[in-house]
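Novice: Here is what each chain is made of, one letter per residue.
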Amino acid sequence: MGSTPGKFDYLKVSSIRDAVKALSEVENSKVLAGGQSLIPLLKTRIMTIDLLVDIGGIAALDSFREDNGFIEIGASYKVGSLEENRSVSKYIPALHEAAAGIADPLVRNMGTVGGNLSHADPGNDLPPVMTALDAEFVISGNGNQRVEKSDKFFQGAFSTGLSHNEVLTAVRIPRNGGNATSAFMKQAKSSGDFSLASVATVLHLDDDMNCLSSRTVLGSIFPRPYLMKSVDSHLQGKKINTGLLKEINNIVKNGISVESDFFASAEYKRYIASYLVTEALALAYKRAEAGLT
Amino acid sequence: MKNVKVNIKLNGRKFEREVEPRTLLLDFVREFADLTATHMGCDTSNCGACTVLLDGKPVKSCTVLAVQADDREVRTLEGLGEEPLMKRLKEEFIEKHGLQCGFCTSGMLISSYSLLRKKSDPNEKEIREAISGNICRCTGYHGIVEAVKSVKGETAREKLPESPELVRR
Ligand SMILES: Cc1cc2nc3c(=O)[nH]c(=O)nc-3n(C[C@H](O)[C@H](O)[C@H](O)COP(=O)(O)OP(=O)(O)OC[C@H]3O[C@@H](n4cnc5c(N)ncnc54)[C@H](O)[C@@H]3O)c2cc1C
Ligand code: FES
Ligand code: FES
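For the protein sequence lines, the chains are U and A, in the order given.
Numbering follows this note's numbering, with no gaps: position 161 of the first sequence is 161.
Numbering follows this note's numbering, with no gaps: position 12 of the second sequence is 12.
Treat the hints with care, since some could be wrong.
As the list claims (entries may be wrong) - Derived pair list, reagent style PhoX-like, types lysine-lysine, alpha-carbon separation capped at 25 Å: (1) U:K12 with A:K9; (2) A:K2 with A:K14; (3) A:K118 with A:K9; (4) U:K21 with A:K5; (5) A:K119 with A:K96; (6) A:K5 with A:K57; (7) A:K119 with U:K90; (8) U:K152 with U:K78; (9) U:K78 with U:K90; (10) A:K2 with U:K21; (11) A:K118 with U:K78; (12) A:K14 with U:K12; (13) A:K125 with U:K189; (14) A:K5 with U:K30; (15) U:K30 with U:K78; (16) A:K96 with A:K149; (17) A:K9 with U:K78; (18) U:K90 with A:K125; (19) A:K57 with U:K78; (20) A:K2 with U:K12; (21) U:K30 with A:K2; (22) A:K5 with U:K7; (23) U:K152 with U:K21; (24) U:K12 with A:K57; (25) U:K189 with U:K253; (26) A:K5 with U:K12; (27) U:K229 with U:K152; (28) A:K87 with A:K119; (29) U:K253 with U:K229; (30) A:K149 with A:K118; (31) A:K125 with A:K149; (32) A:K125 with U:K78; (33) U:K90 with A:K118; (34) U:K286 with A:K125.
Stated by the list, open to error - Between beta-carbon pairs, the in silico distance windows are: (35) U:D121 with A:E31: 23 to 33 Å; (36) A:E95 with U:R146: 56 to 66 Å; (37) U:P223 with A:K14: 44 to 54 Å; (38) A:D71 with U:K152: 31 to 41 Å; (39) U:F263 with A:E31: 28 to 38 Å; (40) A:N7 with U:S260: 49 to 59 Å.
I should point out that these hints are in silico values taken from the structure, not numbers from a laboratory.
Built from N, CA and C at the ideal position, the CB exists for glycine as well.
Using the sequences plus the hints, can you model the full thing?
Specialist: Structure below.
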C-alpha cells in the first residue's frame with residue numbers, strides 16, 4: 001500500500017460560496033485542487049488536516065476566457081491545458097514555456113494554475129511568470145471579492161495573502177497592447193525537477209524595436225518572485241544587443257545577494273541567474289524580431 | 001471521520017466502494033479492485049510506475065485520492081489490453097528490448113499509449129517528453145523510445161480502432 005495520509009474528512013463542493021463556508025467552519029481545513037503538492041505533504045504527514053475541501057467539482061473554475069482587455073484563467077484550469085492552449089503559446093510564449101516545463105505530463109494533467117500559485121513554493125514556475133505578466137489575482141472570501149497584484153499575493157516561501165477561508169478563483173493577465181514579447185527559462189537538476197532558478201521576462205517594444213518597458217522576474221532564488229528593477233530600468237529606451245546583454249549579465253551577477261544552500265552554492269546561483277536573464281531577454285527579443293508575438 | 005462512497009467507471013465497468021477519504025487511487029485499484037498491473041514504485045510522486053488513465057489522461061495514481069476519481073473514468077493497463085494500439089506497443093516493447101525487469105512497464109505503456117492517441121506521429125523529442133514522468137532503472141530508455149517509434153504512424157496509417165469511451169478526451 002502507498003503511504004496513507006492521516007485521517008481527514010472530505011467535502012466536495014459545487015460552489016465557491018460553499019467552499020468558503022466549509023473553510024470558515026473548520027479551522028484546520030484546506031482547499032484541495034489537483035493535489036500534486038498537497039497530497040505528497042499529507043502522505044508524509046508533514047501536514048495533517050481535519051477537512052479537505054475539494055474544489056474540483058466547481059465547473060466554472062476550470063475555465064479560460066479571452067476578453068478585450070485581458071485573459072482570465074480559472075483557478076482549476078489544468079497546467080496541462082495551459083501547455084496545450086494555442087492562444088497561450090501564440091501570444092504569451094513565456095506562459096506556455098513555464099507550463100510545459102513544470103514537472104512531467106502526468107503531474108501537469110492533475111496540477112492546476114490556482115494550486116501552483118496558491119502553494120507559493122519558491123520553486124514553482126507560474127509565480128514568476130504571473131509576476132512578469134503583471135497579473136491580477138481574483139480572490140473570493142466571506143461575502144466579498146478582492147483583486148490583488150503579485151506583490152501582495154506572494155508574501156514569502158509557501159505564504160500568500162490568502163486568508164485561511166479565501167479561495168483564489170482566477171488570474172487575469174492584462175492583454176499586451178502593441179508590440180509585446182516574452183520568454184521563460186528555467187534551470188533544474190534534471191528533467192521534471194523543480195527550478196533551481198527561473199526567469200520570466202515580458203518586453204514592450206516600440207516600432208523601432210527599442211525597449212519601452214519591461215518586467216523581468218527571477219524565480220526560485222528568493223522566497224518570493226523577484227522583480228529585477230535594475231535590469232528593467234537599464235533596458236529602457238534601448239535595443240537589445242550583445243553589448244547590452246553583457247551589461248545586464250553583470251548587473252544581475254553583482255546585484256543579487258544570495259546564500260549557498262543544500263541545492264547550490266551562492267556562486268552558482270549568481271552565475272545561473274545572470275545566465276538565464278540574458279538568455280531569456282535574448283530569446284524574447286529574437287521572437288519580436290521574427291514577428292512571432 | 002466519515003467514509004465516503006466512491007463510484008468509478010473502472011476499465012469500463014462500474015465499481016463502487018465506501019472508502020476512507022484518505023484512500024489513494026493506487027490502493028483503490030490494487031487493494032479493492034485487485035488490479036495489480038498498476039505498480040507502486042517510489043510512493044513519492046516521482047517514478048510513474050503507478051500511472052493510470054483518469055478520464056483518458058495519464059496521472060500518477062499514488063498522488064490522486066480515490067475520491068477525486070469519483071464519478072469519473074479510470075483505465076488501468078488491464079483495461080487497455082484489448083486495444084489494438086496497446087497490443088502493438090506490447091509487441092514492440094518485447095521486440096525492441098523496451099523492458100527488462102518490467103516494473104516500470106505498465107506506466108511506460110500507458111504514457112506511450114496516450115501520446116500516440118493524442119499524436120499519431122511524434123518525433124523522438126516528443127516521445128521522450130511523454131515518458132519523462134516515468135522512470136526506468138533497467139533499459140536506459142533507448143529500447144522504449146525505439147518501441148514507440150516502431151508503432152508510431154500506425155494509428156494514422158492503419159486506423160487502429162479504439163473503444164468508444166476512450167475517444168472522448
Ligand atoms: C514530481 C513533481 C514535480 C513537480 N515539479 C514542479 C515544477 O517543476 N514546477 C512547478 O511549478 N511545480 C512543480 N510541481 C508542483 C505542481 O505543479 C503542483 O501541481 C502545484 O504546486 C500545486 O497545484 P495543485 O493544483 O496540484 O494544488 P494542490 O496540491 O491541490 O494544492 C496546493 C496548495 O494550494 C492550496 N490551493 C490550491 N488551490 C487553491 C485555490 N484555488 N485557492 C486557495 N488555495 C488553493 C491548497 O490548499 C494547498 O495548500 C511538481 C510536483 C510534483 C509531484
Ligand atoms: S509510485 Fe506513483 S509516482 Fe512512483
Ligand atoms: S524495465 Fe526495469 S525499471 Fe524499467
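Novice: Now look at each hint and say whether the structure bears it out.
Specialist: How the hints compare with the structure:
1. U:K12 with A:K9: The given pair, whose Cα atoms are some 19 Å apart, holds under the 25 Å limit.
2. A:K2 with A:K14: Measuring from Cα to Cα gives roughly 23 Å; hence the hint holds.
3. A:K118 with A:K9: With Cα atoms ~22 Å apart, A:K118 and A:K9 stay inside 25 Å; holds.
4. U:K21 with A:K5: holds, 23 Å
5. A:K119 with A:K96: holds, 21 Å
6. A:K5 with A:K57: Roughly 23 Å between the alpha carbons, so the hint for A:K5 and A:K57 holds.
7. A:K119 with U:K90: holds, 20 Å
8. U:K152 with U:K78: Satisfied, since the Cα-Cα distance of roughly 24 Å is no more than 25 Å.
9. U:K78 with U:K90: holds, 18 Å
10. A:K2 with U:K21: This hinted pair holds, its Cα atoms lying about 19 Å apart.
11. A:K118 with U:K78: holds, 17 Å
12. A:K14 with U:K12: Given that 25 Å is the threshold and the Cα spacing comes to 20 Å, the pair holds.
13. A:K125 with U:K189: Satisfied, since the Cα-Cα distance of roughly 19 Å is no more than 25 Å.
14. A:K5 with U:K30: Answer holds: A:K5 to U:K30 is near 21 Å, not above 25 Å.
15. U:K30 with U:K78: holds, 19 Å
16. A:K96 with A:K149: With Cα atoms ~10 Å apart, A:K96 and A:K149 stay inside 25 Å; holds.
17. A:K9 with U:K78: With Cα atoms ~22 Å apart, A:K9 and U:K78 stay inside 25 Å; holds.
18. U:K90 with A:K125: holds, 21 Å
19. A:K57 with U:K78: Holds, at about 12 Å.
20. A:K2 with U:K12: holds, 13 Å
21. U:K30 with A:K2: It holds: about 17 Å lies between the C-alpha atoms, which stays within 25 Å.
22. A:K5 with U:K7: At roughly 16 Å apart (the allowed maximum being 25 Å), U:K7 and A:K5 satisfy the hint.
23. U:K152 with U:K21: Holds, at roughly 24 Å.
24. U:K12 with A:K57: Holds, at about 21 Å.
25. U:K189 with U:K253: holds, 21 Å
26. A:K5 with U:K12: holds, 12 Å
27. U:K229 with U:K152: Given that 25 Å is the threshold and the Cα spacing comes to 17 Å, the pair holds.
28. A:K87 with A:K119: holds, 18 Å
29. U:K253 with U:K229: At roughly 14 Å apart (the allowed maximum being 25 Å), U:K229 and U:K253 satisfy the hint.
30. A:K149 with A:K118: holds, 15 Å
31. A:K125 with A:K149: Satisfied, since the Cα-Cα distance of roughly 11 Å is no more than 25 Å.
32. A:K125 with U:K78: Satisfied, since the Cα-Cα distance of roughly 23 Å is no more than 25 Å.
33. U:K90 with A:K118: Distance of about 20 Å is within 25 Å: holds.
34. U:K286 with A:K125: holds, 23 Å
35. U:D121 with A:E31: 23 to 33 Å: Because 31 Å falls inside the window, the suggested range holds.
36. A:E95 with U:R146: 56 to 66 Å: This hint holds: roughly 59 Å between Cβ atoms.
37. U:P223 with A:K14: 44 to 54 Å: holds, 47 Å
38. A:D71 with U:K152: 31 to 41 Å: With a Cβ separation near 37 Å, A:D71 and U:K152 satisfy 31 to 41 Å, so the hint holds.
39. U:F263 with A:E31: 28 to 38 Å: holds, 37 Å
40. A:N7 with U:S260: 49 to 59 Å: Because 52 Å falls inside the window, the suggested range holds.
The structure agrees with every numbered hint stated previously.
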